[in-house]
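**Student:** Listed below are the residues making up each chain.
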Amino acid sequence: MNSEDKNKHLDSFLDSELGASLQSYTPSDFTLELMKRVELEKEFTKQDVKAYRIAKYFIGGFVFLLSALIVMFAVLVNAGGEREDVSFFNGIVDRFSDIIESVSFFITENLGFAFDFQTGIILLLVMVFVFIFSFADKVIFRKGYK
Amino acid sequence: MPESYNDIIEKIKKGDTSSFRIIADELKDKAFSLVMKILKNKEEAEDALQEAFMKLYKAISENKFEERSKLSTYFYTIVYNTALDNYKKLKSHRFSIVSIDVDDSNFEEGDDLLKKYYEKDADRNVYEERHEINTEKKFTAGEIKGIINNYIGSIPEQYSVILTMFYINDLSHEEISDILKLPIGTVKNRIFRAKAKLKEIILKKYSEEEILQYV
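If you're matching them up, the sequences are chains A and B in order. If you're matching positions, the first sequence starts at 195 in our numbering and goes up one per residue. If you're matching positions, the second sequence starts at 77 in our numbering and goes up one per residue.
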């Protein structure tokens, strides 16, 4: 055997011995414990998806209800002067108008611009939409499950 | 015929968690060898490996793993990073942890590869002299394994991690370079140096003929 062959043999011997020395072994119950964790994780994900679905319906329902109320409120406000049988709502509307009026006076006196009932409705709508959007953005769009 | 990783991944995505066992059984010991080189503690290495496997499972089931990449390489990257994170956490919580330096930033290439080995060797020689152990050189499989184990246990982690990735995890120089974010030349150089030093140690004790006879 020439020196090159000897060297090759020695190298391959060292490679295999190095491999054997570097090897460590997991305990026998490792996979069993891991699979328990995997099953648990799967179960948690299932529960999360369920809870998330319920939350989505709840948020959707809430948003729908809120929008419906605003629309109804706006309709009633417009119809408020013509109909006499909606006195309960008229009372609320009157109160709301009074509040807006006083706020409007305050703003006009201090800041120099007018603030009427329509502006109040618009502001309220804007606030509701900002709330809906930020809520949906946080909960639905960014944390979607497949 | 054994199932391919792609088939197994598809099954896991469809909710068949039991298929994950095939991946775990195939990679656990190889990955454990790598974690052990970093954490050097069985319990902590086991925890880190479980964590790494859970990360892999989530990546597959949540479609984060791109099937273009090699599953084993992807997994060993997770394993290495998880072990390193755990090592850093342990180091910050305990003063008693054996001081190792996995972080390459403090490592100088010129560090004496054999410093610890010779320290251990010197200790052993003193012990043998004191206890009058028969030190007659006799080439046995156990003895050469002992030398290699002693050597592996004494070299810096910057070498043992790369050697494990190369010899146990079957990663190429390029893959190791990607995972460790080291130049490919450094990876090749460390493997070469580590092997050359081992050869040097063995050839100091035994002649080439003796070893080849054993081979």
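The hints are simulated quantities; they were obtained by calculation from the structure and are not laboratory data. Predicted, not measured: the structure shown is a model, and the values here were computed from it. Idealized CB from N, CA, C, for every residue including glycine. Check the hints yourself; a few may be wrong.
What the hints assert, rightly or not - Have a look at the derived ranges for each label pair, beta carbon to beta carbon:
#1 B:G91 <-> A:S261: 32 to 40 angstroms
#2 B:K118 <-> A:V324: 41 to 49 angstroms
#3 A:F256 <-> B:S94: 25 to 33 angstroms
#4 A:E198 <-> B:K118: 50 to 58 angstroms
#5 A:F256 <-> B:D246: 20 to 28 angstroms
#6 A:K200 <-> B:G218: 48 to 56 angstroms
#7 B:N82 <-> A:T239: 21 to 29 angstroms
#8 A:L263 <-> B:D123: 24 to 32 angstroms
#9 A:Y251 <-> B:A135: 25 to 33 angstroms
Stated by the list, open to error - Quick list of in silico lysine-lysine cross-link-like pairs, DSSO-like style, CA-CA up to 27 angstroms:
#10 B:K167 <-> B:K146
#11 A:K202 <-> B:K221
#12 B:K164 <-> A:K244
**Student:** Are the hints correct? Go through all of them and say.
**Tutor:** Right, here's what the structure says about each hint:
1. B:G91 <-> A:S261: 32 to 40 angstroms: holds, 37 angstroms
2. B:K118 <-> A:V324: 41 to 49 angstroms: violated, 55 angstroms
3. A:F256 <-> B:S94: 25 to 33 angstroms: violated, 40 angstroms
4. A:E198 <-> B:K118: 50 to 58 angstroms: Roughly 42 angstroms apart at Cβ, these two residues miss the hinted range, so it is violated.
5. A:F256 <-> B:D246: 20 to 28 angstroms: Violated - the Cβ-Cβ distance for F256 (chain A) and D246 (chain B), about 55 angstroms, lies outside 20 to 28 angstroms.
6. A:K200 <-> B:G218: 48 to 56 angstroms: At 23 angstroms between Cβs, range violated.
7. B:N82 <-> A:T239: 21 to 29 angstroms: holds, 22 angstroms
8. A:L263 <-> B:D123: 24 to 32 angstroms: Because 53 angstroms falls outside the window, the suggested range is violated.
9. A:Y251 <-> B:A135: 25 to 33 angstroms: Taking Cβ atoms as reference, Y251 (chain A) and A135 (chain B) lie about 29 angstroms apart, which means the hint holds.
10. B:K167 <-> B:K146: Given that 27 angstroms is the threshold and the Cα spacing comes to 32 angstroms, the pair is violated.
11. A:K202 <-> B:K221: This hinted pair holds, its Cα atoms lying about 19 angstroms apart.
12. B:K164 <-> A:K244: violated, 37 angstroms
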